[in-house]
Amino acid sequence: MMEIRTPKTHKAKRVLEKRAPKLVENGKKTLILHGTKTSATLSAVLMELYRLKKGGAIKYSRRNENIRPFESGGETSLEFFSLKTDCSIFAYGSHTKKRPDNLVLGRMYDHHVYDLIEVGIENFKSLLSFSYDKKIAPHEGSKPFICFTGEGFENVPELKQLKEVLTDLFRGEVVDNLNLTGLDRAYICSAISPTKVFLTHCAIKLKKSGTIVPRIELVEVGPSMDLVIRRNRLPNEGLRKEAMKSSKDKPKKKLKNVDQDDVLGKRGRIYIPEQEVGKNPLPDKSKGVKRERREGKLKKNKEEGSASKKQKESE
Amino acid sequence: MDMETDQIYQIDVGNLLAFNPNHRFSSAPSSREELVKECVTEGTKLVQAIADTLFNLPSTETNDGPLVQLPPPTTKLPREKHLPRPKPPTKWEEFALKKGIQKRKKDKIVYDETTDKFKRRHGYDRVNDDNDIPIIEAKASDEPGEDPFAMRLDDKKKRVGKQEKNRLENLKTAAKAGALPSHVQLAVTGLPISGTKTQPKKIGKEALGDVAGLAATSTASGGKFDKKLPGEKPPKKQGKHHKYLPIVPRYGWVDEEKEQTNKVLGKLLSKHSHEILNVGKAINMYNDKKEKKKSGRSDKSKAKKDITKKKPYANKAN
Numbered sequence: 001m002m003e004i005r006t007p008k009t010h011k012a013k014r015v016l017e018k019r020a021p022k023l024v025e026n027g028k029k030t031l032i033l034h035g036t037k038t039s040a041t042l043s044a045v046l047m048e049l050y051r052l053k054k055g056g057a058i059k060y061s062r063r064n065e066n067i068r069p070f071e072s073g074g075e076t077s078l079e080f081f082s083l084k085t086d087c088s089i090f091a092y093g094s095h096t097k098k099r100p101d102n103l104v105l106g107r108m109y110d111h112h113v114y115d116l117i118e119v120g121i122e123n124f125k126s127l128l129s130f131s132y133d134k135k136i137a138p139h140e141g142s143k144p145f146i147c148f149t150g151e152g153f154e155n156v157p158e159l160k161q162l163k164e165v166l167t168d169l170f171r172g173e174v175v176d177n178l179n180l181t182g183l184d185r186a187y188i189c190s191a192i193s194p195t196k197v198f199l200t201h202c203a204i205k206l207k208k209s210g211t212i213v214p215r216i217e218l219v220e221v222g223p224s225m226d227l228v229i230r231r232n233r234l235p236n237e238g239l240r241k242e243a244m245k246s247s248k249d250k251p252k253k254k255l256k257n258v259d260q261d262d263v264l265g266k267r268g269r270i271y272i273p274e275q276e277v278g279k280n281p282l283p284d285k286s287k288g289v290k291r292e293r294r295e296g297k298l299k300k301n302k303e304e305g306s307a308s309k310k311q312k313e314s315e
Numbered sequence: 001m002d003m004e005t006d007q008i009y010q011i012d013v014g015n016l017l018a019f020n021p022n023h024r025f026s027s028a029p030s031s032r033e034e035l036v037k038e039c040v041t042e043g044t045k046l047v048q049a050i051a052d053t054l055f056n057l058p059s060t061e062t063n064d065g066p067l068v069q070l071p072p073p074t075t076k077l078p079r080e081k082h083l084p085r086p087k088p089p090t091k092w093e094e095f096a097l098k099k100g101i102q103k104r105k106k107d108k109i110v111y112d113e114t115t116d117k118f119k120r121r122h123g124y125d126r127v128n129d130d131n132d133i134p135i136i137e138a139k140a141s142d143e144p145g146e147d148p149f150a151m152r153l154d155d156k157k158k159r160v161g162k163q164e165k166n167r168l169e170n171l172k173t174a175a176k177a178g179a180l181p182s183h184v185q186l187a188v189t190g191l192p193i194s195g196t197k198t199q200p201k202k203i204g205k206e207a208l209g210d211v212a213g214l215a216a217t218s219t220a221s222g223g224k225f226d227k228k229l230p231g232e233k234p235p236k237k238q239g240k241h242h243k244y245l246p247i248v249p250r251y252g253w254v255d256e257e258k259e260q261t262n263k264v265l266g267k268l269l270s271k272h273s274h275e276i277l278n279v280g281k282a283i284n285m286y287n288d289k290k291e292k293k294k295s296g297r298s299d300k301s302k303a304k305k306d307i308t309k310k311k312p313y314a315n316k317a318n
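Sequences listed follow chains A and B, in order.
Numbering follows UniProt numbering, with no gaps: position 238 of the first sequence is 238.
Numbering follows UniProt numbering, with no gaps: position 233 of the second sequence is 233.
Among the hints, erroneous ones may be present.
Under 8 angstroms between C-beta atoms, here's a sample of chain A residues computed to sit facing chain B [unchecked claim]:
| no. | residue |
| --- | --- |
| 1 | T6 |
| 2 | R107 |
| 3 | D110 |
| 4 | I136 |
| 5 | V156 |
| 6 | V213 |
| 7 | I270 |
| 8 | Y271 |
| 9 | I272 |
| 10 | E274 |
| 11 | E276 |
| 12 | V277 |
| 13 | E292 |
To be clear, the hints were calculated from the coordinates, so they are not data collected in a lab.
Don't be surprised by glycine CBs; every beta carbon is placed ideally from N, CA and C.
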């Protein structure tokens, strides 16, 4: 007993189409939430992360007691929220004695947990504590520069994963055209030790130089913090391969047997296999034998019968 | 603008991403400010490197500023959802493929021969509208009692119903392959039934409320003292329903109590009272009662308690 349900309004239809899987995807939205307990620094971090990602983030203010990302059963709530809000990255903050100021950054594939990385936050400096000229303050939703420094990002697997997650987090939408006047922010991530990354957010000042390329000056504006790697979970190989699949992986097939001629235009070559007369089965075109025809004839004879013959005679 | 030859940055212009794998931060911790300064200067170099390539790309001038065409990003990041799966062909598509039927584009405006005008194919004032036929000639095969107009409507309903069923089947196969169109949802409306094909009717909110009210008032106190669940609405008429007739009849009004008793008497003493009273049944009931009394309730299976043998405080004495 199934029923087809379609959206009754155009707006609802557009929302559903936006959330559907596509070849070229929308930018990932971030879900920001916290657990049973948060400290002052952690709630400030979550709030500022939300501000940085204003257009593409959703922040939940309630505490969630049943979310434990690293446990097998504790992800169901996260997956449900991800499905409802269409968010594929989440930042979950919690504060416990064993793991103070804990932030779990995770990604979803098809609204199931893909990978997780847990970092501790140290030396947090809020964006309110930075003083700078308000004119250079970055605008909301502008595409940022992302810079990684340090050999740790190449050698240490956890830092590699963190690099990928941070790129995904800060990237925003993938755009074709970029307005050069709208470049006003940069995220600087430096691997100061194999377990620590210094993250800061700067505004860009473009200064005149002799050439077309302006001279860049960075001014720290935003929050800055130290991320200490704690736990992580890599995606399993099969899932990773599936998630990395893209539609342009296979190169387009070369069109064979077609060539362009200047005089004659497009020319094609046809290969006809040798005809073996007598070996191929003939098509069964005995019209009288087909079932539909037989049944149709029977019906016709029954209904019309003598009546039609009378009509024909009268005409 | 990479000055040192061994310091080559990995730049991804599409993502505005730059990575310097060669810088080594001193393990001896210098003061915090110096560390921060060092990070920012390194970052500046990276951003400068990206800006170099960026500003040298061909740009178009617009009102807001120079617009640059970004190359596609080179770092591969995992997708957020699976790739869209190919839709399995519908029953009609399979048939058309087999028979070699090509799709033909239909015009919006069609020539109508009956009125020698061009009319639209669908919508208001359309070609071949079913409602516009004034006369249907009777064929020899028609029976006298049939209404051909009603039959046409019936046929159309059947065709529409068949089409809806086919559409549902096609969507089910698509859902099985994981390729359901994004704006369609298949919802299960009832439990699968074996046996009759009739669907169980879903009880509405009002009907449920009525039934709950009935159940509540069927208690001895009329549902007055029942515990209410959170969110349950108060019953429409609480308590027992008593209808008391007025003792003193109103001036000019009929004495209702008198009328009531008169009515009953009238029915019993009337000419046709034997029709109301089922004499046979009354006789049977009377006889049964008499017989029960005579037999001394021997048909009762329960053993009667012998009260004389009971000693209430036997145990308490010890």
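**Request:** Identify whether the interface hint at A/R107 stands, where standing means a beta carbon of chain B within less than 8 angstroms of its own.
**Result:** With a closest approach of 7 angstroms, the A/R107 hint holds.
**Agreement of hint A/E292 with chain B interface, Cβ distance less than 8 angstroms** = 13 angstroms, violated
**Request:** May I ask you to test the interface hint for A/E274 with respect to chain B, counting a Cβ-Cβ separation under 8 angstroms as satisfied?
**Result:** 25 angstroms, violated
**Message:** Does A/D110 hold up as a contact with chain B if the rule is Cβ-Cβ below 8 angstroms?
**Reply:** 5 angstroms, holds
**Status of the A/I272 interface restraint (C-beta, 8 angstroms, chain B)** = Since chain B brings no Cβ nearer than about 20 angstroms to A/I272, farther than 8 angstroms, the hint is violated.
**Asked** Regarding the hint that A/Y271 lies at the interface with chain B, is the smallest CB-CB distance below 8 angstroms?
**Response** 22 angstroms, violated
**Asked** Would the hint on A/T6 stand, with a C-beta cut-off of 8 angstroms toward chain B?
**Response** OK, holds: A/T6 within 8 angstroms of chain B, min 6 angstroms.
**Prompt:** At a threshold of 8 angstroms, is the proposed contact between A/V213 and chain B supported by beta-carbon distances?
**Reply:** This interface hint holds because 4 angstroms falls under the 8 angstroms limit.
**Message:** A closest beta-carbon separation below 8 angstroms is what the hint needs, so does A/E276 meet it against chain B?
**Reply:** 25 angstroms, violated
**Prompt:** Under the criterion of a CB-CB separation shorter than 8 angstroms, is A/I136 in contact with chain B as hinted?
**Reply:** 14 angstroms, violated
**Request:** Mind checking the CB of A/V277 against every CB in chain B and telling me if the closest is under 8 angstroms?
**Result:** 25 angstroms, violated
**Item:** Proposed interface contact between A/I270 and chain B, which counts if any beta carbon pair is under 8 angstroms
**Value:** 19 angstroms, violated
When each numbered hint is compared with the structure, violations occur for hints 4, 5, 7, 8, 9, 10, 11, 12, 13.
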